[in-house]
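Undergrad: Here's the letter readout for the chains.
Protein chains: 2
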Amino acid sequence: MMYGVIEAGGTKFVCAVMNDNGKVLETITIATETPEVTMATVIDFFSGKDICAFGIGSFGPIDINPNSDDYGKILNTPKIPWRDFNIYKALKERFDLPIKINTDVNAAALGEYMEGYGKGKRSVLYITIGTGVGAGFVLEGKTFYGMTHPEMGHLLIRPVEGDDYAGHCPTHGNCLEGMIAGPAIEARYGIKGHLLEEDHVIWDYIADYIGQALMSFSLILSPEIILIGGGVSQQKHLFPKIRKAFKKNMNGYMDHPVLLDDLEDYIIYPKNGQKAGLIGSYYLAKQA
Amino acid sequence: MMYGVIEAGGTKFVCAVMNDNGKVLETITIATETPEVTMATVIDFFSGKDICAFGIGSFGPIDINPNSDDYGKILNTPKIPWRDFNIYKALKERFDLPIKINTDVNAAALGEYMEGYGKGKRSVLYITIGTGVGAGFVLEGKTFYGMTHPEMGHLLIRPVEGDDYAGHCPTHGNCLEGMIAGPAIEARYGIKGHLLEEDHVIWDYIADYIGQALMSFSLILSPEIILIGGGVSQQKHLFPKIRKAFKKNMNGYMDHPVLLDDLEDYIIYPKNGQKAGLIGSYYLAKQA
Numbered sequence: 001m002m003y004g005v006i007e008a009g010g011t012k013f014v015c016a017v018m019n020d021n022g023k024v025l026e027t028i029t030i031a032t033e034t035p036e037v038t039m040a041t042v043i044d045f046f047s048g049k050d051i052c053a054f055g056i057g058s059f060g061p062i063d064i065n066p067n068s069d070d071y072g073k074i075l076n077t078p079k080i081p082w083r084d085f086n087i088y089k090a091l092k093e094r095f096d097l098p099i100k101i102n103t104d105v106n107a108a109a110l111g112e113y114m115e116g117y118g119k120g121k122r123s124v125l126y127i128t129i130g131t132g133v134g135a136g137f138v139l140e141g142k143t144f145y146g147m148t149h150p151e152m153g154h155l156l157i158r159p160v161e162g163d164d165y166a167g168h169c170p171t172h173g174n175c176l177e178g179m180i181a182g183p184a185i186e187a188r189y190g191i192k193g194h195l196l197e198e199d200h201v202i203w204d205y206i207a208d209y210i211g212q213a214l215m216s217f218s219l220i221l222s223p224e225i226i227l228i229g230g231g232v233s234q235q236k237h238l239f240p241k242i243r244k245a246f247k248k249n250m251n252g253y254m255d256h257p258v259l260l261d262d263l264e265d266y267i268i269y270p271k272n273g274q275k276a277g278l279i280g281s282y283y284l285a286k287q288a
Numbered sequence: 001m002m003y004g005v006i007e008a009g010g011t012k013f014v015c016a017v018m019n020d021n022g023k024v025l026e027t028i029t030i031a032t033e034t035p036e037v038t039m040a041t042v043i044d045f046f047s048g049k050d051i052c053a054f055g056i057g058s059f060g061p062i063d064i065n066p067n068s069d070d071y072g073k074i075l076n077t078p079k080i081p082w083r084d085f086n087i088y089k090a091l092k093e094r095f096d097l098p099i100k101i102n103t104d105v106n107a108a109a110l111g112e113y114m115e116g117y118g119k120g121k122r123s124v125l126y127i128t129i130g131t132g133v134g135a136g137f138v139l140e141g142k143t144f145y146g147m148t149h150p151e152m153g154h155l156l157i158r159p160v161e162g163d164d165y166a167g168h169c170p171t172h173g174n175c176l177e178g179m180i181a182g183p184a185i186e187a188r189y190g191i192k193g194h195l196l197e198e199d200h201v202i203w204d205y206i207a208d209y210i211g212q213a214l215m216s217f218s219l220i221l222s223p224e225i226i227l228i229g230g231g232v233s234q235q236k237h238l239f240p241k242i243r244k245a246f247k248k249n250m251n252g253y254m255d256h257p258v259l260l261d262d263l264e265d266y267i268i269y270p271k272n273g274q275k276a277g278l279i280g281s282y283y284l285a286k287q288a
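If you read the sequences in order, they're chains A and B. Positions 1 to 288 (my numbering) are the ones given, in order, by the first sequence. Positions 1 to 288 (my numbering) are the ones given, in order, by the second sequence.
By construction, these hints were calculated from the structure, which means they are not laboratory data. Errors might be hidden in some of the hints.
[As the list claims (entries may be wrong)] Listed next, with one range per pair, are the computed distances between beta-carbon atoms:
1) B/K248 to A/D255: 34 to 42 Å
2) A/R158 to B/E264: 26 to 34 Å
3) A/R94 to B/G120: 30 to 38 Å
4) B/G273 to A/D255: 30 to 38 Å
5) B/E264 to A/E33: 38 to 46 Å
6) B/E264 to A/T171: 21 to 29 Å
7) A/G120 to B/E264: 40 to 48 Å
8) B/P240 to A/E33: 54 to 62 Å
9) A/D70 to B/E36: 56 to 64 Å
10) B/P66 to A/D70: 31 to 39 Å
11) A/K89 to B/G273: 42 to 50 Å
12) B/C52 to A/E93: 51 to 59 Å
Computed from a predicted structure; not experimentally measured. Beta carbons are placed, not taken as given, at the ideal position from N, Cα and C, and that holds for glycine.
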């Protein structure tokens, strides 16, 4: 019984064959090109491998409503060749097997719920901050979606005093993603974020914006744990600042002991790091 | 088979005896005094009435986790006599019957889900804007709660240009509730909101703040319908402005047909108006 596991990212696809114990038996990483080119390589990789089910964590926006006719269809993405392409159907046509597809961030949240810091919790929020900003939410083992999947990265935040950057989001300017994603940092300073010193003022700004966003997520979802992954979260010095900004904004309002504590076990880097998405996609395959 | 239904509000309690068809057979409304005084009247009202189960929609913050030892306990409320009082236990001690308790706003969301504009939808968001601001969310028939119940009323919003009011929330100043709740309007102008003319600038501000908040709710929860009740929502002229502010902020980002449409069936006054909470509490009793 082998599972076909796919992390479908905007810049690369990671494919893995995993066994029933979650062991990776074989894996490839390929650049994301056109759907035709990329999916041909994906299908080729899995062919003849005795796969019983597929799990996919995909970039979005994507239709993840299993009752929809367009389940698995990539929607209004800036990656034009992928717009309206249905990953689920492409795979289903070639392999007539159970397939479950979800957003990459929901998959990562599921990965941490099953095998990470979310284990034993009722709810898990996973946020990625990298090329873009997104979040996935798992409640009682189920990945959350509403009318569409959430788009938490575009939350409105308040500009910090002294920060007059107009933001890098083509739709909202200075929304969360427009202020804290990797490309926003690069557009602002002409240099990649990881090359800026730890005492650069940008990290104070970013921590404040993340703290504001986490307050909104708490007020609305009240997750039992908040995990922050993605490229920008590699700046580990950000975490104490984020916790401080969260506390400052919340100002003790939700009087749960966890929120009144030091937050060191509440707002953290995922246990499975960059692998959370792959692990979650594996569980999607098992659920399928 | 009679159901005991209680809307436990901060200023009044509404109690009703309802039959299996949802018909109200008898009802009383009493002022909210100390727990001892109020609960004695409540218990007296229901005594000898052949009740089979109770449903309660209560003001908060309150523990609504059915697995908690403190299920039904009022938490850190500014109404000091009610702090740490357990409504569930007070009722359970007197009547050894199934009892279900939830927040007033979750009850209202459930009422609209079962018998209002949320009927047939997968998810319903109900917001009340009155003395305070709060919201309840129902997903697939279940009222939502995380580590605690949501506190959506305290969302951070961006002050509109020209509006330098510091806000009326003792904890957050100019959060959503601090800018749009009834007492905030009154503190600002020294006059109750319903006495201000329709073309007063306050309504433009309030519509903008609500539009911002609805954008955040949509990005995070993506509800299938948004219902706005409570005293301030009696200003029906607000609704077109709120829809406009929502659209302006969202700027077409979530490309679902409902969100790109005129929103007249998406952001609306509840079908059951002020009765949504009582109807929802009745369904809590039935679930119990």
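Undergrad: Each of the hints needs a verdict: does it hold here or not?
TA: Against the structure, the hints come out as follows:
For B/K248 paired with A/D255, a C-beta distance near 35 Å keeps the hint of 34 to 42 Å intact. The supplied range of 26 to 34 Å is met by A/R158 and B/E264, whose beta-carbon atoms lie about 30 Å from each other. Here the CB-CB span from A/R94 to B/G120 is close to 36 Å, well matched to the stated 30 to 38 Å. In this structure the supplied range 30 to 38 Å holds for B/G273 paired with A/D255, their Cβ-Cβ distance being about 32 Å.
As the Cβ distance of B/E264 to A/E33 is approximately 43 Å, the hint placing it in 38 to 46 Å holds. Taken as a hint, the range 21 to 29 Å holds for the pair B/E264 and A/T171, whose Cβ atoms sit roughly 23 Å apart. Look at A/G120 against B/E264: about 45 Å separates their beta carbons, and that is inside 40 to 48 Å. A hinted range of 54 to 62 Å is violated for the C-beta pair B/P240 and A/E33, which are about 46 Å apart.
Between A/D70 and B/E36 the beta carbons are some 57 Å apart, a value that agrees with the proposed interval 56 to 64 Å. A hinted range of 31 to 39 Å holds for the C-beta pair B/P66 and A/D70, which are about 36 Å apart. Checking the proposed 42 to 50 Å range against A/K89 and B/G273 shows it holds: the Cβ atoms sit about 45 Å from each other. At roughly 54 Å, the beta carbons of B/C52 and A/E93 sit within the given window of 51 to 59 Å.
The structure does not agree with numbered hint 8 stated previously, though it agrees with all others.
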